[in-house]
Amino acid sequence: MTRRLDPDRTIEEWLIEGPNQLPDHVLGAIVDRLDQTMQRRPGWLPRRHDTNRMLLSMGGLAAAVAVAVIGGAFFLGLGTGRPGVGGPPSPSASPSPTAMPSPSPTPGPTSIVLWDGRDRTPVITVTTPPGWVNHGEGVLTRNIDTNTKGQAAKNWDGAALIAPFYKQLLIPGDPCRWRATMPKAPATTVDAVVEALVGQASRAASAPVGVTVDGHSGKSITLHVPKDIQYTDLGESVFFPTCETGADKPTEGLFCTLSEADPNQCSRWHQGPGQIDEVWVLDVDGKVMVIDGMYSPDTPAEHVAELRAVMQSMKFGGP
Amino acid sequence: MDPSIIDRARHGDKDAFTSIVLRFGDRLYSVAYRILRDTGRAEDAVQNAFLAAWRELPRLRDESRLEAWLYRLLVNACYAEVRHTTRWQPGLRLVIESPTDPVADDDQLSVERRDQLERGFRRLSGELRAVLVMHHYLGYSGAEIAEALDISPGTVRSRLHYARQQMRAAIEADARSFAAGGMA
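In order, the protein sequences belong to chains S and P.
Read in our numbering, the first sequence has 58 at position 58, and its numbers run on one by one without any break.
Read in our numbering, the second sequence has 115 at position 115, and its numbers run on one by one without any break.
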């Protein structure tokens with residue numbers, strides 16, 4: 001006599017047999033190898049490879065600003081910093097001038113030139129605590145491993161400062177449909193810039209609040225990239241396939257906060273869903289300047305606090 | 001799992017990540033062995049999966065999906081092991097001993113049946129093995145497998161169908177051979 005087999009039950013009984021405990025040596029091997037395995041950061045940092053293309057396509061000073069936006073200007077020098085400029089968070093520390101031949105970690109609280117004052121704009125200096133890397137062209141990033149030079153894309157923890165945007169400020173009505181909603185005329189006052197940012201579709205901006213930095217007044221506003229926005233993560237870069245592409249980036253959907261001068265090329269686009277921007281719009285001696293402090297949802301709170309302190313430390317000087 | 005542990009691990013805390021390994025290591029190893037049927041390769045797959053998890057953890061956006069995400073990394077590591085095995089494994093044949101008990105006992109798998117199951121299972125692709133193990137060993141539903149492996153529910157159903165069909169064929173062939181042997 002034979003009994004009818006239940007194949008599913010037979011498979012399940014067979015699968016139950018076998019080892020169930022991870023050997024200790026495997027656990028040890030995993031822990032040992034963590035030191036040699038670097039964690040990847042979300043694809044926040046703007047791409048370096050686009051820098052050349054942006055420079056070629058835009059040229060001149062406008063390109064320099066665009067390069068600052070994509071955070072890749074590792075090869076253009078800036079002027080030296082001005083000694084004696086201090087500020088929070090450690091005003092008692094001895095600042096030192098910082099040249100800009102290449103990105104390098106700052107060893108301690110340091111006064112650096114963030115912006116060199118080209119195009120008749122003021123020179124901007126800031127004080128940075130350890131861990132901040134000056135890439136030149138108005139770009140600072142907070143890195144995780146400050147011992148690794150030039151590896152910003154791998155080390156960046158999402159906190160960064162980009163300053164300034166100051167040319168013809170074109171604020172699209174919708175950062176996703178940015179080319180279709182780009183205004184014809186630039187915003188020329190603090191209030192006009194802030195009003196345009198508040199009105200952007202696809203996200204909810206915070207209410208503007210007054211801010212004063214180094215004696216210059218303006219307004220600050222917090223912007224978010226929607227957390228649920230569709231995105232494509234390509235490792236070191238993130239694109240938004242449902243958003244419009246730029247004339248210089250025909251295959252890469254951008255979530256674009258603003259353009260400078262050219263309505264078909266985005267100057268400030270974002271690096272991932274949930275990204276947060278604390279934007280300061282200042283009137284600096286009659287010049288409207290946009291300062292963008294950004295971080296990711298995963299950025300440690302203490303690094304966000306550092307970012308705010310760096311922004312608060314800005315000093316605007318003559319060219 | 002305490003979300004704060006995951007968050008600490010995401011920000012580079014190795015002790016926190018070790019807690020994750022301790023929490024899920026046995027489970028992942030059990031699954032890897034069931035898919036690969038080889039302890040050495042299962043160890044390699046688990047190690048590779050956890051290192052991938054450490055590397056990619058900052059990109060995990062939903063902490064509640066950690067376990068499913070770990071299974072996905074593990075299954076991918078197993079696929080790599082299966083491909084490696086398929087490429088390099090010499091063409092060995094399992095030698096089937098003469099059946100000693102032609103009537104299979106439902107409560108105890110015979111050596112012959114295990115052998116037949118083993119052989120049938122090894123013929124399956126990594127993709128079919130993974131869904132079979134996740135369904136029949138982990139008890140995951142089709143929807144849960146689809147979510148964990150980031151494939152469509154239809155693909156899960158299809159793979160599960162083919163995997164069971166092939167395993168049943170192996171079992172039934174076994175039963176027929178016993179019956180034929182009994183009649184001879």
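Derived by calculation from the structure, the hints in this document are not laboratory data.
Don't take every hint at face value.
[As the list claims (entries may be wrong)] Label pairs and their computed distance ranges (CB to CB):
(1) R114/P / D35/S: 36 to 46 Å
(2) T188/S / H11/P: 19 to 29 Å
(3) R9/S / H11/P: 37 to 47 Å
(4) G117/S / A68/P: 31 to 41 Å
(5) H11/P / P183/S: 37 to 47 Å
(6) D35/S / L22/P: 27 to 37 Å
(7) E172/P / T232/S: 19 to 29 Å
Note that CB positions come from ideal geometry on N, CA and C, so glycine has one too.
Hints that the structure is at odds with (numbers, increasing): Violated: hints 2, 4, 6 and 7.
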